[in-house]
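Those protein sequence lines, which keep their order, are chains A and B.
The letter at position 140 of the first sequence is residue 139 when you use numbering that gives the first Met the number 0, and the numbering goes up by one with no holes.
The letter at position 252 of the second sequence is residue 251 when you use numbering that gives the first Met the number 0, and the numbering goes up by one with no holes.
Bear in mind the hints are in silico, worked out from the structure with no lab data behind them.
Ideal Cβ positions, reconstructed from N, Cα and C, are used throughout, including at glycine.
Please note that the accuracy of each hint is not assured.
[Said to hold, decoys possible] FRET-style restraints, in silico, Cβ to Cβ:
#, chain 1, residue 1, chain 2, residue 2, range
1, A, S425, B, R173, 36 to 42 Å
2, B, E200, A, V27, 23 to 29 Å
3, A, L32, B, G66, 55 to 61 Å
4, A, G404, B, G66, 43 to 49 Å
5, B, E181, A, S3, 49 to 55 Å
6, A, Y711, B, R17, 26 to 32 Å
7, A, R512, B, R17, 18 to 24 Å
8, A, L436, B, R17, 41 to 47 Å
9, A, Y711, B, R173, 41 to 47 Å
10, A, V528, B, G66, 25 to 31 Å
[Stated by the list, open to error] With a straight-line Cα cutoff of 30 Å, these simulated DSSO-like cross-link-like pairs (lysine-lysine) come out:
#, chain 1, residue 1, chain 2, residue 2
11, A, K74, A, K191
12, A, K341, B, K136
13, A, K217, A, K74
14, A, K164, A, K176
15, A, K164, A, K74
16, B, K201, A, K341
[What the hints assert, rightly or not] Partner residues are not named here, just some residues of chain B that face chain A (Cβ under 7 Å, in silico):
#, residue
17, G41
18, T71
19, Y101
20, M141
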Amino acid sequence: MNWSNVRLIFRREVRDQLRDRRTLFMIVVLPILLYPLLGMSMFQVAQFIREQPTRVLVLGAEDLPAAPALIDEGKFAPALLNDPQSQGLTELHFAEVPAADAPERARQAVQQGDFEAVVSVPAGFARRLEMFRRDLSQRAAHERGGQPLADVRIPGPEIYYNTAKEKSQLAYLRVTKVLDRWTDAIGRENLKSSDLPESAARPFILAEHDTADESQRKAVVWSKILPFLLLIWALTGAFYPAVDLCAGEKERGTLETLLSSPAERSEIVWGKLLTVMLFSVVTAALNIFSMGLTGSLVMSQFPGVGPPPLWAPVLLLAALLPVSALFSALCLALAAFARSSKEGQYYLMPVLLVTMPLVLLPMSPGVELNLGNALIPITGVVLLLRTMLEGEYWQALPMLLPVAGVTILCCLFSIRWAIDQFNSESVLFRESERWDLGLWLKHMLRDREDTPSATEAVFCGVLILLVRFFMSFALPQPETFRDLAVLTVVTQLVVIGTPALLMTIMLTRSPARTLSLRLPPLASVPAAVLLAVALHPLAGAVNQLVQRLYPVSERMQQSLAALMADPPGAWQMVLVLGLVPAVIEELAFRGFMLSGFRRMGHKWRAIALSSFFFGITHAIFQQSIVACLLGMLIGYLVVQTGSLLPGIAFHFVHNSLALLATRATPAFLAAHEWLRAMGVSADEGLSYGWAVTFMGTALAVLLLAWFRGLSYARTSEERLQEAIDQNVSQPALGS
Amino acid sequence: MIHVRQLTKDYADLRRGRFVALDGISFDARAGEIFGLLGPNGAGKTTALRILSTVLRPTSGTATVNGFDVLTQPSQVRHQIGFVSANTAMYDRMSAWEMVEYFGGLYGIAAGPLRERMERLFERLQMNDVRDLLGSKMSTGMKQKVSIARALVHDPPVLVFDEATAGLDVLVARALLRTVAELRDQGKCIVFSTHIMREAEKLCDRVAIMHHGRILAHGPIEGLRAQYGQPDLEELFFALVSQGDEGAQSDEYRVQSGEMMK
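Start from the sequences, fold in the hints, and give me the full structure.
Dropping the structure here:
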């Protein structure tokens with residue numbers, strides 16, 4: 000990599016973008032104007048909503064009592080209103096109808112939209128209330144100390160409104176508030192007439208104490224809004240320049256000029272990436288700044304909310320850089336795929352759909368920063384930022400490293416992807432062609448090659464996931480071991496085995512090569528078995544570590560325990576849960592998919608990709624992580640030996656040992672003194688002492704070194720990649 | 000200078016199955032000569048030259064430029080080549096001077112020598128009047144001049160012109176051909192692809208006639224005329240191409256019956 004080329008490309012691209020008036024407008028002018036304008040219009044709209052008058056019809060107003068008065072001079076009595084100024088907002092209209100017709104008339108008035116709400120006072124209401132009061136005070140005077148008073152109620156006013164109409168809901172809210180106060184007033188008068196103090200109805204008032212200090216209270220709003228805005232603008236700011244820099248350059252025909260220049264593809268990607276990142280950072284920073292300024296002014300109108308914390312810009316900028324880098328690389332890789340700017344714009348929606356949940360998850364109530372959440376890309380950054388803005392530095396600090404680690408890892412992967420896109424002819428020189436499903440299927444079947452392509456491997460992985468998803472609705476939850484056995488065999492065969500084997504037969508010409516069905520070096524199978532045994536203690540420790548990081552839910556634990564409550568024979572367990580998955584999963588993941596990914600020319604990348612799919616196919620998240628690690632190991636064995644057999648052997652022994660370990664009860668250990676002597680304990684699941692774990696791991700390292708010494712069979716793509724890496728001419732290619 | 004051996008390039012194509020754009024072509028081009036690639040549109044000329052400029056990778060076969068392998072040493076190859084093609088456009092929002100300066104920088108030429116060299120180039124190609132004109136304001140001819148300046152800025156031993164006269168008016172095309180001839184006289188190895196026979200006749204020392212991804216005949220123009228008994232290149236070309244079409248048809252038939260036998 001020649002960084003002076005990267006700098007040249009970066010400078011050119013930035014200058015190019017700055018010479019484009021539209022880009023400048025979108026990035027600089029728009030945010031500066033947008034927020035003040037938005038703030039202004041929000042004030043306008045808010046006023047409009049508050050000022051909106053509603054019409055309310057009052058039926059039977061003549062039956063209202065004189066005191067306390069509900070209506071005063073054709074309007075609600077000012078004493079019943081929060082803000083006496085708002086008296087005019089509810090226009091009252093009056094009508095007299097016979098009592099029998101009142102419900103019908105009220106309903107009609109609301110439904111036809113003549114009035115937003117109707118208050119119907121029952122006939123003789125004032126009279127009944129008066130009688131009720133008299134009755135109450137008399138009984139209170141004469142029968143004090145005697146029988147408790149009967150709880151009598153009289154018919155009250157009715158409200159008619161329509162929830163399907165917003166304006167009617169508004170009217171309803173206003174009217175009920177007034178009527179509630181009025182009812183309270185009546186109640187107070189009643190108490191007075193019964194010679195009881197007002198406190199009889201409310202003997203105490205709830206006292207509230209907020210322990211958050213003022214700065215924390217102010218930070219709460221901002222700690223949710225700012226990270227969200229930051230991410231959205233970082234993404235938008237990256238997306239449009241990325242489309243112009245890739246698809247736009249293809250469209251204008253300058254890409255080939257650049258590709259034929261001495262700049263390496265990786266230099267081109269870095270130059271463009273830094274440009275996109277610059278625009279992403281500037282867009283996000285300007286937007287946040289402008290939003291913060293307008294927002295502080297607007298918020299200062301409301302009590303309890305103040306300007307954002309002073310240190311916020313520093314935190315935001317620190318978080319912005321890695322997030323921008325990640326988004327820029329992702330956008331660049333996607334945009335490279337687009338043939339034209341127009342096609343590029345279409346890709347924004349999928350990007351948003353994938354990013355949104357990651358941004359919104361931290362905003363949902365109760366989600367807090369912990370190690371598990373910190374390891375989720377983007378979500379971790381948002382949570383860390385939020386926690387810092389809330390001022391909880393001591394909680395945030397330990398998570399800094401994991402969040403940074405995951406983000407940097409994601410960045411590196413995305414950049415790698417972008418560079419791969421720029422190395423791919425089919426991406427750079429994609430031509431518009433008529434696409435036809437029938438022709439495409441025919442092409443897949445007709446132009447088969449010995450082993451599947453990387454795309455077909457991805458397709459297989461996605462297909463497995465989809466079938467698994469739909470099957471999970473069709474199959475019942477297992478309750479006993481028998482259920483579990485049936486479920487496992489069916490799932491393995493239908494979900495994993497069938498897609499992989501069908502695709503092997505239909506899409507490849509050499510099933511044996513695709514599935515690596517060859518005899519391995521003689522010693523490799525026992526070596527794989529020994530490796531599985533040696534790694535067993537370490538695998539158990541890793542498993543426990545994962546479960547400590549991401550605790551399995553109580554319900555899941557109970558159902559898992561129930562499955563094993565009725566312990567089957569050891570051999571049944573090993574056969575069903577050990578051997579079946581070992582064979583079928585190996586055929587799919589280290590057979591079909593690994594062969595497909597190896598066509599990309601990088602052994603380790605192929606192993607990692609097949610392991611990724613192996614991991615996510617496991618339903619329980621905690622299993623996925625461990626499976627992913629194991630997948631890397633098994634993938635390595637298969638690549639080094641060129642055969643699936645050591646992989647199956649390792650997988651089988653690993654599964655079986657893990658299963659048998661669940662059967663080791665304290666009683667079992669007591670009977671086998673030698674196990675205890677090795678430091679094996681069964682307090683919380685089976686665990687081994689440090690010494691055993693360490694010795695096993697050391698042996699495993701030795702075994703892996705032996706596997707490393709094997710001369711593995713490279714695919715032609717891997718040979719080519721090696722020649723390119725070594726920069727030597729290689730005449731014997733392609734044969 | 001350039002050695003091409005059994006170069007093949009095929010693409011997956013929905014309708015036609017594997018579409019063979021280049022079918023095992025071999026040729027050599029030497030320093031101080033103009034090697035012409037002649038053929039109708041779709042003959043595979045552009046694919047061959049894109050492989051030489053390392054923009055595409057061959058499916059099989061080898062090509063070396065000045066001793067460097069296009070597949071495994073692409074960066075060195077690109078330093079040896081100046082590539083001018085109908086597909087290598089100029090940036091709209093860059094002036095002629097900036098464009099050439101940018102590529103000079105990418106070739107790793109230091110600022111001082113680059114400036115000197117560019118002054119001479121702009122003088123020679125009579126481009127001083129468009130020096131500060133943006134690409135979007137230029138005519139096709141001006142843009143082509145900038146492309147040539149861009150390809151010459153690092154003084155490469157090999158120059159590749161792919162349909163370089165396409166879309167140019169007669170005057171500009173003549174000037175371009177004159178420039179190409181001058182470059183040959185300076186000892187450059189030049190590969191020049193065209194579908195215009197007169198250009199080839201006037202310019203090329205040796206030609207290869209391409210059709211359907213194959214080289215039907217190659218050698219010095221005089222030698223080819225004598226060999227096939229045709230008075231001029233255009234007649235010769237037609238004769239070869241119609242012969243080639245028949246051959247291709249019988250090939251297709253062979254492929255089909257071969258498939259059926261499997």
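For each hint, the structure was consulted:
1. Distance hint check for S425 (chain A) and R173 (chain B): the Cβ-Cβ separation is about 39 Å, which falls inside the suggested range of 36 to 42 Å.
2. Taking 23 to 29 Å as the suggested C-beta distance range, the pair E200 (chain B) and V27 (chain A) does not conform, at roughly 57 Å.
3. The hinted window of 55 to 61 Å between L32 (chain A) and G66 (chain B) holds, with their beta carbons roughly 59 Å apart.
4. Under the hint 43 to 49 Å, the C-beta atoms of G404 (chain A) and G66 (chain B), about 45 Å apart, fit the expected range.
5. Remark: the range hint 49 to 55 Å for E181 (chain B) to S3 (chain A) is contradicted by a beta-carbon distance near 32 Å.
6. The hint said 26 to 32 Å for the Cβ distance between Y711 (chain A) and R17 (chain B), and at roughly 29 Å that hint holds.
7. Judged by the Cβ atoms, the range 18 to 24 Å given for R512 (chain A) and R17 (chain B) holds: they are separated by roughly 20 Å.
8. One distance hint, 41 to 47 Å for the beta-carbon pair L436 (chain A) and R17 (chain B), is violated here, with the actual separation near 20 Å.
9. Range check, Y711 (chain A) to R173 (chain B): about 59 Å between beta-carbon atoms, so the 41 to 47 Å window is missed.
10. Checking the proposed 25 to 31 Å range against V528 (chain A) and G66 (chain B) shows it is violated: the Cβ atoms sit about 51 Å from each other.
11. The straight-line distance between the Cα atoms of K74 (chain A) and K191 (chain A) is roughly 27 Å, inside the 30 Å bound, and the hint therefore holds.
12. Distance check on the hinted pair: K341 (chain A) and K136 (chain B) sit about 24 Å apart at the alpha-carbon level, within 30 Å; holds.
13. Restraint check for K217 (chain A) and K74 (chain A): not satisfied, since their Cα atoms lie roughly 39 Å apart, outside the 30 Å limit.
14. The hinted pair formed by K164 (chain A) and K176 (chain A) meets the criterion: a straight-line CA distance of about 19 Å does not exceed 30 Å.
15. With a C-alpha separation of about 23 Å, the suggested pairing of K164 (chain A) with K74 (chain A) holds against the 30 Å cut-off.
16. Annotation: proposed proximity of K201 (chain B) to K341 (chain A) is violated, straight-line Cα distance about 44 Å (limit 30 Å).
17. With a cut of 7 Å, the hint placing G41 (chain B) at the interface with chain A is violated, because the nearest CB-to-CB distance is about 13 Å.
18. Interface restraint check for T71 (chain B): the shortest CB-CB distance to chain A comes to about 4 Å, inside 7 Å, so the restraint holds.
19. Taken as an interface hint, Y101 (chain B) checks out: its beta carbon lies about 5 Å from the nearest beta carbon of chain A, inside 7 Å.
20. Hint on M141 (chain B) is violated. Least Cβ distance to chain A is approximately 16 Å, over the 7 Å limit.
In this structure, the earlier hints numbered 2, 5, 8, 9, 10, 13, 16, 17 and 20 are contradicted, and the remaining ones agree with it.
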